[in-house]
Amino acid sequence: MNYVLTRTHFDDTATLREAWAKYPDFPRLIALKIDVQRRGVHYTDGALTLVDPALHQLRSANIFGTRDEKVRYLLPDSLLLRDGTSIVVDPAPLEWGPYVVDRVDDRLFLFDQGERLEEVELWHKPAFYDRSTSSGVPMNLIAQARPQRINIFQSSFCYFWAKDDGGCQFCDIVNFTKQQREVLSDRPERPRARDIAETVKEALKEKGRFTTFCLTGGSVLKGEELFDLEVSHYIETLQAIGENFTTKKFPSQLVASAFNEKQLRRLWEETGLTSYTSDLEVLNERLFEWICPGKAKHVGYREWRDRLIRAVDIFGRGNVNTGIVGGVELARPLGFQGEGEALEATLSEAEYLAERGVTTIHTVWVPRPGSQFRDQVAPSLDYYIRLASGLHRLRVKYGLSIDFDDYRRCGNHPDTDLARLL
Amino acid sequence: MSLAEFHALIAAPATLKILVTTDEDGTPRPAVSDFIAPGDGGTLLYFEPLESSKTQRNLTRAIWFDRPVSVVVVAADGRRFTARGRPQRAVIAGPRFQAHYAAFRADRGDVDLAAVWVIDVTGVEGLDLGADIATEERERPFFRHLDRIARA
Ligand code: SF4
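Each protein sequence line maps, in turn, to chains H and B.
Mind the numbering: the first sequence is residues 1069 to 1490 in our numbering, read in order.
Mind the numbering: the second sequence is residues 216 to 367 in our numbering, read in order.
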């Protein structure tokens, strides 16, 4: 069977308007965000005249890649809508039919097929981006910023990739790292604790700039027990961050492998960490085995899920979640055959987790050129609206908050944007 | 009243200001607030210290679903006004937010700032009971009880 779909031009400009009309109770700005994430953006030359590298955050060191075959660093990192919603989005080739960011007077607007939709603002560069650590490493290679969050990427290598076919099929972490290496040659393989402590100290000098940390990286399988080394690395990093605070605990999120109870207790007791995320990526055992073969082989779907549930006893309800790559459950050829079926299965499994105190958040799947799923096509905007609404309804039903991964502390999950109303 | 006069009234420390938003079911939610200031053009700024407040939620709902809000203003000399408007923008990050954050904390002490809401004022109406009574008696003569005009 030929299952590689030809990528089609997103010639569905009516879709956003149709979605606005069909779902009057779904915020238009969030529907727009989703569609911009689905289709990507193109910055016109006029728009780029408003980009000031001294003020704005340009694309910087990142962990996951881009839909552009070539990473162009002189483009803006991402966008903010007027309600404070972030659109974490990368540029897409024009032939894919992305939204266009263009200049009107001294402001930037999103356009689709020539129609002006909404004003957007660029993310601002934090002051620490212009500093270096005492060991001479530029601080923007140690930590990266979102509008209100500090990201620290523990490593850009995932050991699931070490064996052929072990990496998740939608993921481009290792290929993207190789791609970035050509441009960001000074970037350390793994940031040193001292550099992290100094960078955080510098970042905190800017009042009102940050509300949380997000630590993540590829899985590290090594250690006496599986993932022991990964846990030790995170403890070292979190302790270095913690030096800068008067309180033992500080708002923070760790997005990491599925750790066992002993490892989770170490993280809770030895660091200031306040929340824990471990991504199941797809909420279906059969698809998990196909899409995440490394995770399936080393831990398995049920054990991964059980570890999340056990983490609730340590971090508390509302402080543990799992991420899914929304839409990847429809990947060809083994994914669900229809959007209705995919949605029902996903929400039913998300409910199983919610009943046990684990919330599910989704990203918008972008089939990236550096991933195995490069030739696939993400589902419709309609699907994402139903997925985001469904996950939000579960949080309402089970009284689960998502404060550590919401519109402001993260900004990459349409379903948690809706939590602003919780 | 001119915009400048209205902004001066808003900025006066002795002026009482009440922001009225609506809950999900439409119930009006008044919040007496010292955190309302004049903004650029015909806007008002509302400084919300709490991410979790009902007003923060209602303003989010208002910007998402195009719901109106109002600000009731009572001047020190007793004059009363209602400003109607719609939230136009939530400033939650960036240099403008950070400047407000620093100023807010310098002014108010150790409090946080969740957002600066920019409210586009679409109209200001004077609330003058005496004038309203005169207008009603002149223009709507049926709206009065007969005993009020009966011979003693
Ligand atoms: S666990 Fe999967 S998604 Fe995460 S970095 Fe490794 S391959 Fe990528």
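It is worth saying that the hints were derived from the structure and are not from the lab.
Please note that a few of the clues may not be correct.
Once the Cα atoms are required to be at most 20 Å apart in a straight line, the calculated SDA-like pairs of lysine to any residue come out as [stated by the list, open to error]:
{"hint": "1", "chain 1": "H", "residue 1": "Lys1365", "chain 2": "H", "residue 2": "Lys1275"}
{"hint": "2", "chain 1": "H", "residue 1": "Lys1275", "chain 2": "B", "residue 2": "Pro264"}
{"hint": "3", "chain 1": "H", "residue 1": "Lys1269", "chain 2": "B", "residue 2": "Pro264"}
Chain B stretches covered by chain H per the calculated footprint, using a threshold of three residues with CB under 8 Å from any CB of chain H [unchecked claim]:
{"hint": "4", "segment": "276-286"}
{"hint": "5", "segment": "317-329"}
{"hint": "6", "segment": "353-361"}
Even for Gly, the Cβ is constructed at its ideal location relative to N, Cα and C.
Hint-by-hint comparison with the structure:
no., hint, verdict
1, Lys1365/H <-> Lys1275/H, "violated, 45 Å"
2, Lys1275/H <-> Pro264/B, "holds, 15 Å"
3, Lys1269/H <-> Pro264/B, "violated, 25 Å"
4, 276-286, "holds (count 4)"
5, 317-329, "holds (count 3)"
6, 353-361, "violated (count 0)"
The earlier numbered hints that this structure contradicts are 1, 3 and 6.
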